[in-house]
Structure formats: C-alpha cells, structure tokens
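**Q** Since the structure of chain A is provided, determine the placement of chain B on it from the hints.
What follows is each chain in one-letter form.
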Amino acid sequence: MAEAMKIDNLDTEFKDEVLSKIPDANFDLCLTCGTCTGGCPASEQMGMDPRKLIRMLNLGMDNEVLKTNWIWVCSMCTRCVAACPMKINIPALVYNLRANIPREKRPKGILGSCDQHIRTGSAMGAAKDDFEFTVMDVAEEIRETHPGFEDLQVSVDRVGAQMVLNQNSREPVTEPEEMGPLWKVLHAVGADWTYPSVMWAGENYCMFLADNEGWKYVIEEFVHHVDNNLKSPYVVNTE
Amino acid sequence: MRRFKIPHKFELITIIELYAQWIREGKLKVNSDWNKDIQAKFTIQDPCNIGRKSGSNKIVDDLRFVVKTVVGEENFIDTVPNRENNFCCGGGGGALQAGFPDQRRAYGRTKFDQIAATGASYVIAPCHNCHGQIEDIGEHYGGNYHVVHLWTILCLSMGVLADTERTYLGPDLAEVGL
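Residue numbers (our numbering), protein chains in the order written: chain A, 1 to 239; chain B, 1 to 178.
Treat each hint with caution, since some may be false.
[Said to hold, decoys possible] Pair ranges (Cβ atoms, derived): (1) B:M1 with A:R55: 28 to 38 angstroms; (2) A:L31 with B:K53: 21 to 31 angstroms; (3) A:M86 with B:T164: 44 to 54 angstroms; (4) B:D113 with A:N69: 18 to 28 angstroms; (5) B:T164 with A:S20: 47 to 57 angstroms; (6) B:K29 with A:L31: 45 to 55 angstroms; (7) A:R158 with B:T164: 20 to 30 angstroms; (8) B:K27 with A:E177: 16 to 26 angstroms; (9) A:I7 with B:G99: 27 to 37 angstroms; (10) A:I7 with B:Y141: 35 to 45 angstroms.
For the record, the hints were derived by calculation from the structure and aren't laboratory data.
Just so you know, even glycine gets a beta-carbon here, dropped at the ideal spot from N, CA and C.
Just chain A, same shape as in the assembly (with noise of 0.2 angstroms):
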C-alpha cells in the first residue's frame, strides 16, 4: 500500500524557481479540475499529462517532474492554458523543464537544428550562399521552361524592398521547385518583395530547444538586417 504524502512541510523548489520567472504562471490556482488534460491529445503518453504535470510540481515531487521526457511530447500548443479556468501557464512550466536540462543532454536532433540555425541561418544547415544560389537556380530555370513567366524576379537582399519574405529551409534543400509556385502567385500581383540573406529560414528551432540565448539571438541578427540593411516595412512569414 502506496504511503501517504505529508503535506505540511512541501518543498516546492522547482515551482518556486519558476514562479520567480513567471509570477504569474498562477501555479497555485490549480483545482484539478482536468479540464487541461481533456483536451490535450498528449495526454497518457509516458503516463503523464498536464493536470499530473502541475499536481506534481505543487506537491513539490521534483524528482519526477524534472526526470519526464513528457516535455519533449507536448508541443506546447497552449490549448491547456486557452481553456484552463485559472490561466495556469503550462505550456510556460513546460519550457522551463527544458530549458532546466543542460543544453548537450536535450534531444540531438533539436540540439543540432538550433546550433545549425546560429551559424548558416538555416536550421537544415544551408549556408546564405547555398540558398542564393539555389534560388537564382530555379528562377532561371522558371524564366526558361514555364510559359508566362519569362520576366519572374526572385531577389535576396534587394535593398528598399516592400517586403522581406522568410523561407523554411526545408524547400531550398530538398524540394526547391516547391518554391517557385509562391514566387508565381508573388508574381502574379507584382508584390515587391525579396529574401533576406541573414537568419533567411523561418524556422525556430533554439525557442524548441529552450534556448533564450540562441533564439534572441537568431531574432537579433534578422531584425538588425531587415531594419539596417534592407529597411524594408515588412516581414512576411510564410505558410
């Protein structure tokens, strides 16, 4: 027979070492109510969800909750928190118990799309002059082979631009013809618009990975180029 937890005496530290970030995750207010985990599809994966998830951080149950790979399957789509009647910040817990684990020990896959993002740009490690060459590829081969579109003009880092547009690096390196029918459609309403060379990929694998550091910093590089060397007013993120 399972022993009873004494409540008197908790030790919250983890709860406490996040609150003190986020004041008002209102971690606390939890009812138990389960509203959070029934509409959550990754619950009952490793036999957790988000209702036990923030029962055990306020029981104080460190141990457990610092030890489950739940918060690599939740994706922290926030669903939780949109219908939770006390705004409790799952998702937020979520982030933090990743961030909490040291950076080399987070899953390789996540670990190695951040650090590739940082250097190249890209999270599939496409270097600026990989993807400019990719696309002027295929814009030439447009302007050659597809009827009607003879004068496309596909640009990176074409100053005064109207608009900046991203690109998931997932297109450039292995699938670049899927670019051209957005380039078309661009084309068709003689949008104004260009690709930035710096932190060109959409992506953003340092916020999955929990690093604050990597993902300011990809954000920093991109919006320094936009605003400096492009000063273009937009930024158009794409699908």
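**A** For chain B alone, kept in the frame of chain A given last:
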C-alpha cells in the same frame, strides 16, 4: 521580438493575410472553376501558432476565405473543433526532431481522426511542422488524404502550376491544367 523586447521598425504579417487581401482587392485572380466538376474535397489544418497563439482568429478566418474562394465553398469541409479551439497536430515544439516518434504519432492520432472525420481528400496545412506531421501520421495510420500548401492550390487555380510543382497532389488533381 516581444519576448526579448527587441525593438523593430517593420511590421510582421503572414502570407495568408496577404493572399486574402490580394483576392479581395482583385489582384490575385483565383476562383474554383477548376474544381467545379472534380469536386475534390478540402479541409484545413489551423496551425497553433497562427490560430490560437496569435491571439485572434483573424488569420485562420482569412485562411478560410482563401480556401473557400479557391476550391469552392461546397468543397470545403471544416474540422471539428477548429480555429482557436483546434487540436495541435503534434508536430510543433520540436516534436519532429525530439526523438520520440512513437509518442509523436500517438499524439497525432487525434489529428488523424479529425481529418478522417471530414472525409476530405486534401488537407491544406500552412505550416511546415504541421505539413510534415500530418503527412507522417497519414502514412502511419493509413489515411486517404494528401497534404498541400496553399501556394500549390493557388497556382493550380490560376493555371500556372508546372508539372515539376505537383509533388503533393494526388492522382485526381495531378493532371489538372496540364
């Protein structure tokens, strides 16, 4: 930018809002004539980041406007639930590279069932994580749908989709306009 309080001069907008604006302005001339006889059925994935996490339904409502215009309102079947209340597909947050594929696919079962319930043969997924995950769970659970980006359907409607740009189309649409 908000999180780290990074000041910026530019305004951030999604391509989906632009598609909707251009259609309304008459700059993007698309319609659903190409699907009048085929009547291929489409549903939508509401990506968490542009739906629920954007704070309003403006972008996903624009998404619906674009899709209904391009495929025909009668050929669009919404998921239940949808918009800000949609279920995450389970591909975001790094899940595709987190190294827990069994759990990721179990997570995705909810999304698979949602799509299957619509009976649609195409899912428009305007998010790379969603696109990858929904394709993967389709293969894993034996789905009868194809996953496409909006740009594919927009070009199909305009009659400018080349044969090299049809990787994601199913056999029913692969030859349209060729």
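**Q** Tell me, which hint numbers fail for this structure?
**A** none
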